[in-house]
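Protein sequence lines correspond, in order, to chains A, B and C.
Take the first sequence: its letters are residues 1 to 286, numbered as in my numbering.
Take the second sequence: its letters are residues 287 to 685, numbered as in my numbering.
Take the third sequence: its letters are residues 686 to 1000, numbered as in my numbering.
Just so you know, these hints were derived from the structure itself, not from any lab.
Possibly wrong hints are sitting among the right ones.
Taking CB as the label site, the calculated pair distances span [what the hints assert, rightly or not]:
#, chain 1, residue 1, chain 2, residue 2, range
1, C, A967, A, L70, 23 to 33 angstroms
2, A, D259, B, K684, 29 to 39 angstroms
3, A, L273, B, N646, 30 to 40 angstroms
4, A, L154, B, F671, 50 to 60 angstroms
5, A, Q92, C, A967, 39 to 49 angstroms
6, A, L273, C, N876, 47 to 57 angstroms
7, A, L113, B, V664, 53 to 63 angstroms
8, A, R166, C, E865, 27 to 37 angstroms
9, A, P66, B, P680, 13 to 23 angstroms
10, A, L273, B, T668, 49 to 59 angstroms
11, B, S422, C, E814, 11 to 21 angstroms
12, B, D621, C, F827, 16 to 26 angstroms
Ideal Cβ placement from N, Cα and C applies to all residues, glycine included.
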Amino acid sequence: MQLFGQILVNGILLGGLYGLMGLGMGLVWGVLKIVNLAHGALIMLGGYALYFLYTKAGVDPFLGLPLAMLAMFVLGYLLQTLLLNLIVRSAQLNTLLLTFGLDVVFVYMAQLLFTADFRTINPPYAGKNISLFGVTVPYAQLGAFGVAVLLAALLYLVLDKTRTGRAIRATAQNLVAARLYGVNPKRIYAITFGTGAALAGAAGGLYGIVSQITPYIGVTLTAKSFVIAILGGLDKPLGVIGGGLVLGIAEAMAALYLDPTYTDIISFGLLVLVLIARPAQLLGRA
Amino acid sequence: MRPTKFLVLALALALSGAASGQEKKIALGAAVQLTGRLANTGRYYGDGYQITVDKINQKGGVTVGGTKYQLALRIYDSQSDTNLGVRQYVQLLTQDKVNFLLGPFSSNDALDDSSVAEKYQVPMVQGGGASTQIFSRGYKYVFGTLPPADDYFSSTIKMMGKLDPKPKTVALVAADDSFDVSVANGTRKLLKEAGLELVVDKQFRENNADFSSILSLVKSKDPDVILWAGHEGEALNFIRQAKSLDVNPKLFYSFTVGVPTADFRKALGKDAEYAFGMTPWLPEKELEDDWFGDAEQFDKEYQARFKYSPDYHAASAAADVETFAKAIAAAGTLDPKKVRDEIAKVEFQSLYGHIKFQPNGQISLPQTVIQIQDAKVVPIYTEDFIGKPRYPIPPWSKR
Amino acid sequence: MNRFRWLVLPVAAGALAAVPWVTSDTIVQYGINALLVATLAQSWNIIGGFSGYPSFGNSVFYGLGTYGTAIAMAQLHWSFGSGLVFGAVLGVACALLFGIPILRLRGPYFAIATLGLAAVMSAIIATVEIAGKNIGLILPLFRGDTLFYELSLILLVAATATVAWIARSRFGVGLVAIREDEDAAQVMGINTTMYKVAALTVAAFFSALAGGIHAYWITFIDPASAFDPSLNVRMVIMTLFGGPGTVLGPVLGAFVLSAVSEVLASQATGVASLFYGIVIVAAVVFMPKGLLDVVQGFRESRWRYFTDNIRRYRL
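This is chain A alone, in the form it adopts within the complex:
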């Protein structure tokens, strides 16, 4: 029973971080209809940003997180303005091609600039933990979980309550109509992609705290983010966090009660099942 509780907590904490990974991808996909294959690379770059803030400038990782996010926001804003906007109106699949190319370039640049060495963001409290009812709760993972939920809630509020947020949602539904109401699509597109990149950056920083950064972590994380974004309903922040939790818990349970080699079967099997079982609901959206 104690073991079950521990696994559940592990799954939830991991799931929060998963949710954060899916958040940026879902937003960009849902609003801009861009399936961003460079999402994992953005996560990776965010990880490096926080790593250098911590090791070179000595900024506490959790305090440095907004700075890393800001840097990633600027990168995302520029990418959309200078590059992605050029092809927005061609065939939708072309965004796949473009972001794939970007992914290759980012990974290469990261290796060139940062080498293939393993990097960990390792503040003194990273390995510390607290024991509650016999369940060990690590501080760093708990912090990452908190940040993820906070950012999701924030994104939800921004989309729902602010002018810019409403403009983003209007753009997602109907670009032409949104234009009629005075929305400047170039700006909205850039802000949305920038926000997606910033969220990816946050996920990357937290990933560096609980795991490690290398130029090559992106591929797996892009695939995971895909799954989570779909499970959670794309641009619905709270749903995406839920999707992350489901995946995190399912993986943790599968690793213990089935076999650790089954985690991929579970996570992707779950995805296929969800898609097949509720297509009516999804078809309406797609």
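Take the given structure of chain A and dock chains B and C to it, following the hints.
Leaving out everything else, chains B and C in the frame of chain A:
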């Protein structure tokens, strides 16, 4: 890896080939992972081959039947793509006309690439694949300088018999790829022979980043020892997550990879302390070498040139080049079949260790048990204790 | 144009068939790879280009073909021919079995379901005893790269001929109708489910055979290489690069991109992937409708074709 370096290298190679028509050359070729997923370890092979080739040339090259030859090295970046690697090996043989092949990193790559050597009947000496699969398919042209995977933990398990307090229960955690399955199968047998009880035996999926479930299970079984087999990145995650979940083996834990690697210790910082591991090679003065003097000298020159420390991968790569130098000199010809037969017979002392291939083509080297103490790798045990272990290791809360 | 095209194809195929006899082993080696990925791109074109279903799971069929052949040869000691058949049967069976539920999904949801399917299949194979679990399987060594080359060529020609037939058949018209507006197609009386499943099955057949040839050529396979998701991305990229929904676009795209990446890998080894990425980014920006469209567009408006593209598709 610096691209400019390779451009310069390629250019230098092309120029030297054009300029020195009268100088005789023996060309060695390899496709190694200089970029991509495996670049972190792949670089040891690119750099290890290069420094050894240069050293041998500097000391006069190789004498073949009375004529002096210089070694030339042709390296391609396989971008951690196995398919590309295979094509590049064919290109090396048929287009670049290299005389002999050096290997890539990793067992899976060696499995594919060694087929090219066998197909064209040109010997390949590879220092990057340890899986027994490579040597059990009856190939005649493949030689390996990493010790067999199933023996990796044998010195560790022998040491366990002499430790005080003596460990009784073991948790075995291993990845599910070719190399690590070989390690796990060998280890299970060794544990049984030693009369140790296996309380956790879990396999995890390659490239897995999350060990929380396995760690929680290990914690609930409270084993004396954790034996772990996988890749460096995973080992890093395992240790970090063990700390954050406060999972401690009662006596010690040991890892197949990572511990001898400087980059690994740096990334973990203090958390790397006390970890046991193994290596077939340490940069010691006793390992004498015809070209570098000894292993310590090799270590120094390598660091000075590439700005990072070599580990056993780099030494194994150096031994591959030296094996060719010895075998070609002994054969007195560049004929691939004759050189192959000489490689099978070769026996010499190198900076990497005593080089002699078993009939299946693989080398046999004892693994030295090592431990990280005060950020340094300390040799602990080979046939008997050669260093003082910090044992049992303290739990995370007391560090 | 039509007569011209039919004349060119056999000549081109004949010239390609002569490659092993007039060039080097290296070219043959790269040729095998280019022909196999071109076959994969062409197969993807049937489901992704014609019916507009962006599959990210075609590597599942490739992987099953790989494993079918490998299991037959390494574990059951069958001949290469029966291995290929066994692999193709596995691929086709998978397409039929999963085609119906998955093809009900549309757009990105379909893409993700296929991606998931590929990942699940790879993970399942990694736990199956007869498939060698995650350690992989070793096939016997065969010194006959010419055979592999010619087989790959025959496969590509067959796939291209099939696509050429589809392009002018009722079946193809139905697929395009589905791509343009599936609901309307259904109203018009097209059995959309049957059409889509048929398209996926044909794609699966060719992909599985490509996997089988590759398995015997490379001699060692494991789940990670057989079900490599980046292979999937490559099929899509190459088809889009050449021109999706056309007969020759995917082949052209695959040949050009393979050549670019191979030349880079051997001439600029070390910076190859960087240039490859830049080529792709530039290609999408300047020629978003694929290589085939460039041929026509360039004739009409010369260099302005490229800037016009940007003007037309930017926000």
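Structure-based check of all given hints:
1. C:A967 - A:L70: 23 to 33 angstroms: Hint holds: Cβ distance 29 angstroms, inside 23 to 33 angstroms.
2. A:D259 - B:K684: 29 to 39 angstroms: Holds, since D259 (chain A) and K684 (chain B) (Cβ atoms, about 33 angstroms apart) stay within the stated range.
3. A:L273 - B:N646: 30 to 40 angstroms: Check failed, 46 angstroms falls outside 30 to 40 angstroms.
4. A:L154 - B:F671: 50 to 60 angstroms: Roughly 58 angstroms apart at Cβ, these two residues keep to the hinted range, so it holds.
5. A:Q92 - C:A967: 39 to 49 angstroms: 20 angstroms, violated
6. A:L273 - C:N876: 47 to 57 angstroms: Between L273 (chain A) and N876 (chain C), where Cβ atoms are some 26 angstroms apart, the hint is violated.
7. A:L113 - B:V664: 53 to 63 angstroms: With a Cβ separation near 34 angstroms, L113 (chain A) and V664 (chain B) fall outside 53 to 63 angstroms, so the hint is violated.
8. A:R166 - C:E865: 27 to 37 angstroms: At roughly 33 angstroms between Cβ atoms, E865 (chain C) and R166 (chain A) fall inside 27 to 37 angstroms, so the hint holds.
9. A:P66 - B:P680: 13 to 23 angstroms: 37 angstroms, violated
10. A:L273 - B:T668: 49 to 59 angstroms: With a Cβ separation near 53 angstroms, L273 (chain A) and T668 (chain B) satisfy 49 to 59 angstroms, so the hint holds.
11. B:S422 - C:E814: 11 to 21 angstroms: Holds - the Cβ-Cβ distance for S422 (chain B) and E814 (chain C), about 18 angstroms, lies within 11 to 21 angstroms.
12. B:D621 - C:F827: 16 to 26 angstroms: The hinted range 16 to 26 angstroms holds for D621 (chain B) and F827 (chain C), with Cβ atoms some 25 angstroms apart.
Taken one by one, the earlier hints fail for this structure at numbers 3, 5, 6, 7, 9, listed in ascending order.
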